[in-house]
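Heads up: the sequence shown begins at 1 in our numbering, then just goes up one per residue.
Be a bit skeptical, because a hint or two may be false.
[Stated by the list, open to error] Okay, the calculated beta carbon distance ranges per label pair:
1) I112 x E233: 29 to 37 Å
2) Q40 x G258: 58 to 66 Å
3) A38 x T8: 34 to 42 Å
4) Q445 x A356: 34 to 42 Å
5) L42 x L67: 27 to 35 Å
6) E624 x S647: 21 to 29 Å
7) D456 x A356: 49 to 57 Å
[Claimed, not checked] Straight line, CA to CA, 27 Å or less: simulated BS3-like cross-link-like pairs of lysine-lysine:
8) K739 x K753
9) K786 x K753
10) K739 x K786
In case anyone wonders, no lab produced these hints; they're calculated from the structure.
The beta carbon of each residue, even a glycine, is placed where N, CA and C say it ideally should be.
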Amino acid sequence: TAVTSVGTYQIGPFPFLVDVIVTISNDQDVNCVINSPAIQLLACPPDNDNCAGAIVAAVNDGSACDLVTPGTILAATPSGVPNGSCSGNTDDDVWFEFTALSEVQIISMINITGGFDLEHAVYEGSCGTLTELYCSNNDASVTTPLTVGNTYYIRVFSGGSDAETTSFDLCIREAPSNIVCENAENFCSVGGALTSSNIIGIPSNGPIACLGSDPNPTWNIVQIGNPGLIEIEIVQTDANGNGLDVDFVLWGPFNSVGAACDNLDVGCPNPGDCPNNTSSPNFYPSGNIVDCSYSIFSTENLTIDNAQAGEVYLLLVTNFNGNPGTITINQTNLGSGGTIEAEIDAEITSNEVVFADLDNDPATPDEAAVCGFDSITIETDSPFADTYIWYKDGFVIDGETSSTLTVTESNTYQVQAFDEQCGDDAFSQIVRVSLYQDPGEIPAQNITVCDGPTNDGSEDFDLDALTASLGLGADFVVSYYLNVADANQAINAVSSPYTSSGETLVIRAEDANAASNDYLGCRQLSEVELVVNPSPDINQPMDLVVCDDDTDGITTFDLTAIDSEITTDANVVITYHLSQADADNGVNALNNPYSSSSVTIYARAENSLSGCLNTTSFNLVVNEVPQATFDPQFDYEVCPNATVPISIGLVPTNFTASEVSIQWFLDGGIIAGQTGLVLNTVLIEGDYSAEITFNDSGCEGFVTTFVNELESCVIPEGISPNNDGFNDRFDLSSYNVVKLEIFNRNGTLVYSKTNYTDEWVGQSSGGDELPVGTYFYTMIYEGGAKQRSAWIYINR
1 TAVTSVGTYQ IGPFPFLVDV IVTISNDQDV NCVINSPAIQ LLACPPDNDN
51 CAGAIVAAVN DGSACDLVTP GTILAATPSG VPNGSCSGNT DDDVWFEFTA
101 LSEVQIISMI NITGGFDLEH AVYEGSCGTL TELYCSNNDA SVTTPLTVGN
151 TYYIRVFSGG SDAETTSFDL CIREAPSNIV CENAENFCSV GGALTSSNII
201 GIPSNGPIAC LGSDPNPTWN IVQIGNPGLI EIEIVQTDAN GNGLDVDFVL
251 WGPFNSVGAA CDNLDVGCPN PGDCPNNTSS PNFYPSGNIV DCSYSIFSTE
301 NLTIDNAQAG EVYLLLVTNF NGNPGTITIN QTNLGSGGTI EAEIDAEITS
351 NEVVFADLDN DPATPDEAAV CGFDSITIET DSPFADTYIW YKDGFVIDGE
401 TSSTLTVTES NTYQVQAFDE QCGDDAFSQI VRVSLYQDPG EIPAQNITVC
451 DGPTNDGSED FDLDALTASL GLGADFVVSY YLNVADANQA INAVSSPYTS
501 SGETLVIRAE DANAASNDYL GCRQLSEVEL VVNPSPDINQ PMDLVVCDDD
551 TDGITTFDLT AIDSEITTDA NVVITYHLSQ ADADNGVNAL NNPYSSSSVT
601 IYARAENSLS GCLNTTSFNL VVNEVPQATF DPQFDYEVCP NATVPISIGL
651 VPTNFTASEV SIQWFLDGGI IAGQTGLVLN TVLIEGDYSA EITFNDSGCE
701 GFVTTFVNEL ESCVIPEGIS PNNDGFNDRF DLSSYNVVKL EIFNRNGTLV
751 YSKTNYTDEW VGQSSGGDEL PVGTYFYTMI YEGGAKQRSA WIYINR
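Assemble the whole structure, with the sequences as input and the hints as a guide.
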């Protein structure tokens with residue numbers, strides 16, 4: 001194969017079990033040749049060579065290996081998963097996965113061929129994110145606690161780095177509970193001997209007491225009923241009744257099972273120092289080792305001298321032979337010495353709370369309360385119990401049959417524990433669990449109010465409104481106190497509304513049920529600062545009084561002119577309103593300038609920093625001005641160079657003479673001494689004005705008229721139309737004649753003209769010259785205001 005660049009190249013395939021040597025030579029240097037060692041492939045890698053290809057392993061629902069999963073590490077390669085806690089090389093690991101059917105399983109490799117140095121590890125998680133639970137150098141192991149229903153992975157590999165051809169059957173089965181001291185089962189005398197299946201496939205943990213190893217262990221509890229000598233026989237046989245080597249160690253006495261397992265003596269004083277009781281029958285007890293034997297026989301005997309009622313002993317029995325069978329434990333001196341019995345009792349405990357008899361009354365439930373937890377787990381302390389029934393408020397809780405119960409509701413609970421092996425049961429005490437809610441941290445609060453109309457510096461504070469604003473709801477109670485000590489004890493709470501001139505109160509928020517049960521431990525404390533801000537200091541403004549200059553009853557007001565009368569504080573904003581409600585609520589403020597008739601105005605003065613306000617009111621007063629007209633009974637014209645004055649006068653519209661003061665003016669100048677309704681000193685032409693002032697309001701009104709000076713004050717009595725420039729025309733141009741009619745002495749209309757000035761020169765309306773003689777006329781003049789009739793003579 002030509003190699004032209006750096007990379008990976010395939011060679012083969014080659015037959016199995018054939019040595020293959022790879023030779024690499026340099027085309028530029030014939031002396032540069034490299035040969036590989038002989039490579040021989042025994043088989044293709046297994047399908048489960050990597051985690052992703054893990055084979056699903058069968059799991060037995062009992063303690064027998066009825067179901068197995070075959071496996072091999074032949075031709076297996078490294079999976080790349082980091083080495084675990086075992087010392088073996090994982091270069092030939094294969095993978096299995098299983099679903100846990102029990103909290104503790106036994107994993108064992110059986111029917112091993114081709115090699116015996118197998119190790120295995122158990123993982124949780126998923127491929128790529130695996131976490132090792134443990135690793136074992138033995139063919140079999142007891143798992144750490146598992147979660148029923150979860151998937152776990154098993155990694156099997158050889159302990160060395162040489163290629164292995166080992167094949168095996170993988171067995172996963174339920175682990176007996178009493179293969180560890182903490183799960184020791186009780187021995188009961190009811191029905192005579194205790195017979196149970198032995199344990200197989202469990203490796204030894206090492207020497208203990210007189211035993212050089214402890215393979216396939218079972219642990220049992222022996223509890224003393226009646227005091228005296230106890231003699232026990234242990235027999236192990238196979239299915240055909242053939243004896244199997246069995247060994248034992250007995251420890252005691254202990255006050256309780258819980259005090260036993262952590263206090264076992266493992267030697268005399270060291271493991272291996274303890275003799276067999278068959279060769280040294282008088283050696284024991286040694287420490288708390290009461291008896292021990294490692295004989296080759298299938299029958300062992302142990303003795304407890306002077307056993308006392310209530311004492312607890314631990315018995316370890318091992319299947320040294322390793323083959324399946326049964327172990328029978330029997331008290332052989334029943335009726336002539338002491339007795340052993342498993343008297344079951346039950347107590348509810350918890351690692352999360354402490355149950356206490358708060359009222360020292362054994363007839364009432366023990367109580368425990370927690371704050372801020374949705375649930376707690378309570379447990380049954382009953383060493384001999386196998387099954388359980390839980391009760392809530394005296395009723396069976398369906399489906400709850402384990403030794404623990406997750407409590408999610410406040411109530412009373414009790415458990416009934418059953419020793420199925422000995423046919424006994426016991427009720428625990430009744431406990432009350434109270435799950436109280438934690439209100440959570442409450443930020444510091446502040447209530448700021450403004451001093452009221454009395455300006456006494458003290459105000460009512462609505463604490464109930466603050467409670468509602470916290471949003472805790474009906475599940476919590478909020479109360480307020482003057483100090484932390486009172487708040488912690490929930491005493492001397494203040495009520496709402498609370499009157500204060502400003503201070504800090506302590507807030508206590510707690511679960512409503514806790515409060516009703518007088519439980520003080522589920523509360524959060526915070527504080528609220530009460531602040532009373534002063535209202536703005538304002539003055540009472542004067543009424544704003546104006547005169548109605550245009551006599552329509554409405555005047556435009558500059559409301560801002562009142563601001564400085566109310567206050568000069570730059571931080572106070574003043575608005576004006578038409579009602580007290582609008583002023584209080586700060587709505588519908590009036591625009592400035594404001595046009596209005598007489599009305600009451602409400603001023604709102606609000607401090608822009610504190611938000612506090614004050615209000616006042618004042619009146620807008622629109623006073624009417626005096627109104628009058630000139631009396632039409634008077635002539636408003638004077639003759640040139642008049643020496644006899646005429647009179648002009650006023651007709652009041654909205655006043656009487658006694659209500660006003662009057663001053664007359666001519667062309668803007670005061671006419672001294674003229675203060676009445678009639679001015680009787682008019683001699684010359686001009687603008688005559690009367691200034692009329694109401695005596696009460698001072699409002700003034702002005703009326704003006706023009707007095708006209710006539711060109712002549714004489715109406716001609718004759719004309720001589722001869723074009724000599726004297727009296728040629730009937731000149732009425734000074735009289736503003738609206739209409740002129742001329743009649744002959746017979747009363748016949750001979751001439752008529754509207755808007756007449758001086759057009760008549762003795763002619764008829766048709767333009768004919770009228771004869772000499774006397775004629776009569778009627779004229780309407782002064783714009784139609786006056787009428788005059790007289791005679792005129794035509795002279796030619």
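Evaluated hints:
{"no.": "1", "hint": "I112 x E233: 29 to 37 Å", "in the structure": "36 Å, holds"}
{"no.": "2", "hint": "Q40 x G258: 58 to 66 Å", "in the structure": "59 Å, holds"}
{"no.": "3", "hint": "A38 x T8: 34 to 42 Å", "in the structure": "21 Å, violated"}
{"no.": "4", "hint": "Q445 x A356: 34 to 42 Å", "in the structure": "35 Å, holds"}
{"no.": "5", "hint": "L42 x L67: 27 to 35 Å", "in the structure": "29 Å, holds"}
{"no.": "6", "hint": "E624 x S647: 21 to 29 Å", "in the structure": "28 Å, holds"}
{"no.": "7", "hint": "D456 x A356: 49 to 57 Å", "in the structure": "52 Å, holds"}
{"no.": "8", "hint": "K739 x K753", "in the structure": "6 Å, holds"}
{"no.": "9", "hint": "K786 x K753", "in the structure": "16 Å, holds"}
{"no.": "10", "hint": "K739 x K786", "in the structure": "11 Å, holds"}
The earlier numbered hint that this structure contradicts is number 3, and it is the only one.
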